[in-house]
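S.K.: Protein chains in written order, with this note's numbering: chain A, 422 to 876; chain B, 422 to 876.
Treat the hints with caution; some may be incorrect.
It does not matter which identical chain is meant; a pair holds if it fits inside one copy or across any two.
Taking lysine-lysine pairs in the DSS-like style, the calculated list, with each CA pair at most 25 Å apart, reads [unchecked claim]:
#, residue 1, residue 2
1, Lys434, Lys583
2, Lys851, Lys708
3, Lys512, Lys821
4, Lys497, Lys828
5, Lys737, Lys821
6, Lys434, Lys497
7, Lys427, Lys551
8, Lys551, Lys512
In short, the hints are calculated from the structure, not lab data.
Protein chains: 2
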Amino acid sequence: MSDNTKFLLDESKLPKAWYNINADMPVPPEPVLNPQTLEPVTPDFLSVLFPMSLIMQEISTEAQIEIPEPVREIYKLWRPTPMFRARRLEKALDTPAHIYYKYEGASPVGSHKPNTAVPQAFYNKEAGTKALTTETGAGQWGSALAMACNYFGLDLEVYMVKVSYNQKPYRRMVIESYGAEVYASPTDRTNYGRSVLAEHPDSPGSLGIAISEAVEVAATSGGAKKYSLGSVLNHVLMHQTVIGEETLLQMEMAGEYPDVIVACTGGGSNFGGFAFPFVRENLRNGKNTTIIAAEPAASPSLTRGTYAFDYGDTAKMAPVVKMHTLGHSFVPPAIHAGGLRYHGMSPQVSALVNNGDVQARAVPQLETFEAAITFLRSEGIIPAPESTHAIAVALQEARKCKETGEKKVIAFNLSGHGHFDMAAYDAYLKGQLEDYEYPAEAIAEAMTQLPQVGG
Amino acid sequence: MSDNTKFLLDESKLPKAWYNINADMPVPPEPVLNPQTLEPVTPDFLSVLFPMSLIMQEISTEAQIEIPEPVREIYKLWRPTPMFRARRLEKALDTPAHIYYKYEGASPVGSHKPNTAVPQAFYNKEAGTKALTTETGAGQWGSALAMACNYFGLDLEVYMVKVSYNQKPYRRMVIESYGAEVYASPTDRTNYGRSVLAEHPDSPGSLGIAISEAVEVAATSGGAKKYSLGSVLNHVLMHQTVIGEETLLQMEMAGEYPDVIVACTGGGSNFGGFAFPFVRENLRNGKNTTIIAAEPAASPSLTRGTYAFDYGDTAKMAPVVKMHTLGHSFVPPAIHAGGLRYHGMSPQVSALVNNGDVQARAVPQLETFEAAITFLRSEGIIPAPESTHAIAVALQEARKCKETGEKKVIAFNLSGHGHFDMAAYDAYLKGQLEDYEYPAEAIAEAMTQLPQVGG
Numbered sequence: 422m423s424d425n426t427k428f429l430l431d432e433s434k435l436p437k438a439w440y441n442i443n444a445d446m447p448v449p450p451e452p453v454l455n456p457q458t459l460e461p462v463t464p465d466f467l468s469v470l471f472p473m474s475l476i477m478q479e480i481s482t483e484a485q486i487e488i489p490e491p492v493r494e495i496y497k498l499w500r501p502t503p504m505f506r507a508r509r510l511e512k513a514l515d516t517p518a519h520i521y522y523k524y525e526g527a528s529p530v531g532s533h534k535p536n537t538a539v540p541q542a543f544y545n546k547e548a549g550t551k552a553l554t555t556e557t558g559a560g561q562w563g564s565a566l567a568m569a570c571n572y573f574g575l576d577l578e579v580y581m582v583k584v585s586y587n588q589k590p591y592r593r594m595v596i597e598s599y600g601a602e603v604y605a606s607p608t609d610r611t612n613y614g615r616s617v618l619a620e621h622p623d624s625p626g627s628l629g630i631a632i633s634e635a636v637e638v639a640a641t642s643g644g645a646k647k648y649s650l651g652s653v654l655n656h657v658l659m660h661q662t663v664i665g666e667e668t669l670l671q672m673e674m675a676g677e678y679p680d681v682i683v684a685c686t687g688g689g690s691n692f693g694g695f696a697f698p699f700v701r702e703n704l705r706n707g708k709n710t711t712i713i714a715a716e717p718a719a720s721p722s723l724t725r726g727t728y729a730f731d732y733g734d735t736a737k738m739a740p741v742v743k744m745h746t747l748g749h750s751f752v753p754p755a756i757h758a759g760g761l762r763y764h765g766m767s768p769q770v771s772a773l774v775n776n777g778d779v780q781a782r783a784v785p786q787l788e789t790f791e792a793a794i795t796f797l798r799s800e801g802i803i804p805a806p807e808s809t810h811a812i813a814v815a816l817q818e819a820r821k822c823k824e825t826g827e828k829k830v831i832a833f834n835l836s837g838h839g840h841f842d843m844a845a846y847d848a849y850l851k852g853q854l855e856d857y858e859y860p861a862e863a864i865a866e867a868m869t870q871l872p873q874v875g876g
Numbered sequence: 422m423s424d425n426t427k428f429l430l431d432e433s434k435l436p437k438a439w440y441n442i443n444a445d446m447p448v449p450p451e452p453v454l455n456p457q458t459l460e461p462v463t464p465d466f467l468s469v470l471f472p473m474s475l476i477m478q479e480i481s482t483e484a485q486i487e488i489p490e491p492v493r494e495i496y497k498l499w500r501p502t503p504m505f506r507a508r509r510l511e512k513a514l515d516t517p518a519h520i521y522y523k524y525e526g527a528s529p530v531g532s533h534k535p536n537t538a539v540p541q542a543f544y545n546k547e548a549g550t551k552a553l554t555t556e557t558g559a560g561q562w563g564s565a566l567a568m569a570c571n572y573f574g575l576d577l578e579v580y581m582v583k584v585s586y587n588q589k590p591y592r593r594m595v596i597e598s599y600g601a602e603v604y605a606s607p608t609d610r611t612n613y614g615r616s617v618l619a620e621h622p623d624s625p626g627s628l629g630i631a632i633s634e635a636v637e638v639a640a641t642s643g644g645a646k647k648y649s650l651g652s653v654l655n656h657v658l659m660h661q662t663v664i665g666e667e668t669l670l671q672m673e674m675a676g677e678y679p680d681v682i683v684a685c686t687g688g689g690s691n692f693g694g695f696a697f698p699f700v701r702e703n704l705r706n707g708k709n710t711t712i713i714a715a716e717p718a719a720s721p722s723l724t725r726g727t728y729a730f731d732y733g734d735t736a737k738m739a740p741v742v743k744m745h746t747l748g749h750s751f752v753p754p755a756i757h758a759g760g761l762r763y764h765g766m767s768p769q770v771s772a773l774v775n776n777g778d779v780q781a782r783a784v785p786q787l788e789t790f791e792a793a794i795t796f797l798r799s800e801g802i803i804p805a806p807e808s809t810h811a812i813a814v815a816l817q818e819a820r821k822c823k824e825t826g827e828k829k830v831i832a833f834n835l836s837g838h839g840h841f842d843m844a845a846y847d848a849y850l851k852g853q854l855e856d857y858e859y860p861a862e863a864i865a866e867a868m869t870q871l872p873q874v875g876g
């Protein structure tokens, strides 16, 4: 066991390949369906939105996909990211557990999102794409893709959920500083946006609406523009596995192996990126790590949603996949300060939870901010409201160890910093945040609107 | 020459001692004067504000001052910080120069300021201090000291310049998240603050006023509270020399030695911390690096101020030192977006500039933001508005190399990130910023108010 605080990897240790969980899934994958026909999609349907290289990655069953050299060169601006032993946090909790965290906030935009933004921009550039469209909620994904598009000379249109556009102007400014265009969604630039505005002129927007707008712009561009998604899909989660692969090397440097790992999950990209290499070690190499996906109690797709086929967006233009879902019409409560607001979940993460390979745990909002304050006053770093969910579960586990006396090794992914989310901390410190439980009737009602697949 | 992008040092390479430039100053130091008597201060006068250990550091002429182990333990949360070769920036500029930058934004609060905040909190704790007072402009220093006081269980009152308190709420929230109290200065908590408000009820505040308030609270606390300063003084600059010492080791890893180094300068702590170890190499070890202090054209103490004795604050309560000054009544123009707004300058930096060991260069605001955009679209990181001054000068030097064909090695200090300063970027991108030249008559007028020292 090393007595270091930080575990740094040299650039030579930057992974040369992404890990594709499709190769090791303990259950066969469900097909992706066309939203109009509800029949399995053809590559042609997907190729309106994505370049063929990413579609092939989406359906690949190869365990290792080589990372192109131009992508690795950009990764080197911030990767490998550091892993820390949280010695001060352990002391503050008076726990015998050893707590480690991988820090993805070290990227220029402050989150794990560039890990997939960069290869998505690269493959699009290679395929001749001129411009990308995407949606963003709090703005982490939008700023990551803006940085990536800037590196490859691609134009970018970002449809930003209106309430975030207004409440989080700093993220909008970050996106613009990299040269991208940002629109407050719903906009009047799309048929779908106009239809929403006609019915709800004051609509605050939602991730589902913004996705629909970005998809519509790409789908109706005659091939000039493609669409880019920051989570949920297999190729997105795969690009993120550099996180877990590096962590495995860093745990080796630390001379320990985790008994428990935790990551937060909204669409699943941060969770999959951190956890899938550990899932592989469990499934293939005899390890026995407890793997926990931490989600918000206000947006509990894994713990209270249904594992079923559902649309990826509100307008039913995006593909239909089998996943844990709260229903495509889900709008998270306004009281919920953090990110992780998507109605669905990565199909791979959903299948692993359904199969018992991954545990899911929902955390109430106040507990996550309480954990964040304990963390930042021990370790210094101010966590993103998304990452606080992983911290809260890590703290639950560390406190259990205090009770039982077990010296468990706990590792979590700190997916980003909270520099652009200080208003949420301010609200918490002023006592303005509340816990919220999504009403069971609302979920039941949404379930009646799921597409009727098969028979 | 290494082909790395990042140069990372292991924790074992964290410096064990700070470098004290007093040991090598090519000119004898000028005395620090009592603001009432204008006679050299006694340690008793200073001990109202500072613990004796820091006063001894202030006047020490030892070249090496050992870093206490509890301070090194906290440094390890983010130190050693990375040094980068700016390969993409070099390509964007099409320059034969090699450009390196040290990145101090890697600290939890995003700037170099914790390097001195942590030891100042440590020495105060050791001396039995219960609470600290300080001022902050944009909030970088306040957040650093808040983090440090939290680690040592000290209370903290931060007097934040009112215009920043209102315009930069995120920094205020960061300070509060570490548990400190923040007041918009001028306040009604001090005699001086009340006197300012009586005359100017709408005063936006200034760094000079905030210093006066923080000094007054400490000086009238009967010993319970001490005052902490984030720049200017020798012990502060000395604590920052971990930056330059690490950079020397990292340049060795890179297999090069800088021909030119640049850092921005307001009070001088980031500049001194980066540059003093290189000054030592020039003075003692036969190196011949060009050392440039980059300052804002809107607050040009080194290039347009006078080298003279002046008060450290507006209320004439802080010690009088010989330095480059724009006059203690200086208020920077509202149009100036960045930090670096202090009227004076570190006495050590001033003496080195006066002696020709360090060059000073003023940069107009628009050029700094233009340089920042070039930088961030190449290297990803969004620089703090202070750091942009160093980037602008580094770009000037790199472009000269393009003209002359010289392959100079240029290194600069990126003292922090701009995550809390996005409004300044927004204003720049919208064309709302202007250049500003401080009127010569205003400076001449301020010079008539300097204290009359000696005879």
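S.K.: Now tell me if each hint is right for this structure.
M.R.: Checked hints:
1. Taking the shortest alpha-carbon separations for Lys434 and Lys583, neither the intra-copy value of 41 Å nor the inter-copy value of 48 Å comes in at or below 25 Å.
2. For a Cα distance limit of 25 Å, the shortest separation of Lys851 from Lys708 qualifies neither inside one copy, at 44 Å, nor across copies, at 55 Å.
3. For a Cα distance limit of 25 Å, the shortest separation of Lys512 from Lys821 inside one copy, 15 Å, qualifies, whereas the shortest one across copies, 53 Å, does not.
4. Taking the shortest Cα distances, Lys497 and Lys828 sit within 25 Å of each other only across copies (24 Å), while inside one copy they are farther apart (35 Å).
5. For the identical chains of this complex, Lys737 and Lys821 are neighbours neither inside a copy (44 Å) nor across copies (56 Å), given an alpha-carbon limit of 25 Å.
6. Taking the shortest alpha-carbon separations for Lys434 and Lys497, both the intra-copy value of 11 Å and the inter-copy value of 22 Å come in at or below 25 Å.
7. Taking identical chains as interchangeable, the C-alpha atoms of Lys427 and Lys551 are never at most 25 Å apart, the minima being 41 Å within one chain and 31 Å between chains.
8. With identical chains, the CA atoms of Lys551 and Lys512 are at most 25 Å apart between copies only, with a shortest distance of 22 Å across copies and 52 Å within one.
In this structure, the earlier hints numbered 1, 2, 5 and 7 are contradicted, and the remaining ones agree with it.
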